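So the protein lines, in turn, are chains D and U. This note's numbering numbers the first residue of the first sequence as 14 and each following residue consecutively. This note's numbering numbers the first residue of the second sequence as 10 and each following residue consecutively.
By construction, these hints were calculated from the structure, which means they are not laboratory data. Predicted model, so just to flag it, every value in this text is computed and none were measured. Some hints could be false.
To be verified - Below 30 Å or equal to it, Euclidean Cα-Cα: the simulated DSSO-like pairs (lysine-lysine) are:
| no. | chain 1 | residue 1 | chain 2 | residue 2 |
| --- | --- | --- | --- | --- |
| 1 | D | 22 | D | 96 |
| 2 | D | 70 | U | 79 |
| 3 | U | 35 | D | 22 |
| 4 | D | 70 | U | 35 |
| 5 | U | 109 | D | 70 |
To be verified - Just some of the chain U residues that point at chain D, by a computed CB distance under 8 Å:
| no. | residue |
| --- | --- |
| 6 | 39 |
| 7 | 40 |
| 8 | 42 |
| 9 | 50 |
| 10 | 52 |
| 11 | 54 |
| 12 | 57 |
| 13 | 97 |
| 14 | 101 |
| 15 | 105 |
| 16 | 106 |
| 17 | 108 |
| 18 | 112 |
| 19 | 114 |
Glycine is no exception: its CB is placed at the ideal position from the N, C-alpha and C atoms.
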Amino acid sequence: DGGITQSPKYLFRKEGQNVTLSCEQNLNHDAMYWYRQDPGQGLRLIYYSQIVNDFQKGDIAEGYSVSREKKESFPLTVTSAQKNPTAFYLCASTIERGTTDTQYFGPGTRLTVL
Amino acid sequence: SQQGEEDPQALSIQEGENATMNCSYKTSINNLQWYRQNSGRGLVHLILIRSNEREKHSGRLRVTLDTSKKSSSLLITASRAADTASYFCATALRGDSWGKLQFGAGTQVVVTP
Numbered sequence: 014d015g016g017i018t019q020s021p022k023y024l025f026r027k028e029g030q031n032v033t034l035s036c037e038q039n040l041n042h043d044a045m046y047w048y049r050q051d052p053g054q055g056l057r058l059i060y061y062s063q064i065v066n067d068f069q070k071g072d073i074a075e076g077y078s079v080s081r082e083k084k085e086s087f088p089l090t091v092t093s094a095q096k097n098p099t100a101f102y103l104c105a106s107t108i109e110r111g112t113t114d115t116q117y118f119g120p121g122t123r124l125t126v127l
Numbered sequence: 010s011q012q013g014e015e016d017p018q019a020l021s022i023q024e025g026e027n028a029t030m031n032c033s034y035k036t037s038i039n040n041l042q043w044y045r046q047n048s049g050r051g052l053v054h055l056i057l058i059r060s061n062e063r064e065k066h067s068g069r070l071r072v073t074l075d076t077s078k079k080s081s082s083l084l085i086t087a088s089r090a091a092d093t094a095s096y097f098c099a100t101a102l103r104g105d106s107w108g109k110l111q112f113g114a115g116t117q118v119v120v121t122p
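Isolated chain D (complex conformation) (with noise of 0.2 Å):
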């Protein structure tokens, strides 16, 4: 089956650390994206990739890193400096860099600050 998977679908956190929330596609997708999900809203902006070793910040990067060290991977890590963690996080692709078409979604990580 190709697809997106995200792990774990839930992850509880302590105030302070930080965790790393998994992104892998197996579609052979140039471009990737972070988006942040807080409840009755849109997604947001985190952070993508339109390729290994590049990648640019979104509408809300503070509090974040990312890595693309390979192509079908997009790790994502919630740092203690992120105020508001607490959200669901989704991970996105696309075919081709630089084009608007279609984004193909993972079914999403809950992170819960404790």
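Assemble chain U onto chain D, guided by the hints.
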């Protein structure tokens, strides 16, 4: 503020009825897309309409785009209980070469049997 704004925020209908939701945006776009999200899940792409298109159909879905009014509508005909979900419009801004989309806050649709 968000580029896309959906209206209404919530919609409750009975099976068999049609559901219509609207999306307004502020700046010129390359295309506009509609996505569906079931509770606690990822988004699923429904349909993409380009700025030079006015109407598009896919199964029971009909999307219109009016670039002069900077608005789009999504019509779901003969709704089913399985259509219960949140629906989001997303705009791809003209001139954006990074493939970014801007999402609205969504319309929550409940279809009762």
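Going down the list of hints, with the structure as the test:
| no. | hint | in the structure |
| --- | --- | --- |
| 1 | D:22 - D:96 | 21 Å, holds |
| 2 | D:70 - U:79 | 27 Å, holds |
| 3 | U:35 - D:22 | 35 Å, violated |
| 4 | D:70 - U:35 | 22 Å, holds |
| 5 | U:109 - D:70 | 11 Å, holds |
| 6 | 39 | 5 Å, holds |
| 7 | 40 | 6 Å, holds |
| 8 | 42 | 7 Å, holds |
| 9 | 50 | 6 Å, holds |
| 10 | 52 | 4 Å, holds |
| 11 | 54 | 5 Å, holds |
| 12 | 57 | 6 Å, holds |
| 13 | 97 | 6 Å, holds |
| 14 | 101 | 3 Å, holds |
| 15 | 105 | 6 Å, holds |
| 16 | 106 | 5 Å, holds |
| 17 | 108 | 5 Å, holds |
| 18 | 112 | 4 Å, holds |
| 19 | 114 | 5 Å, holds |
Violated hint: 3 only; the structure is consistent with all others.
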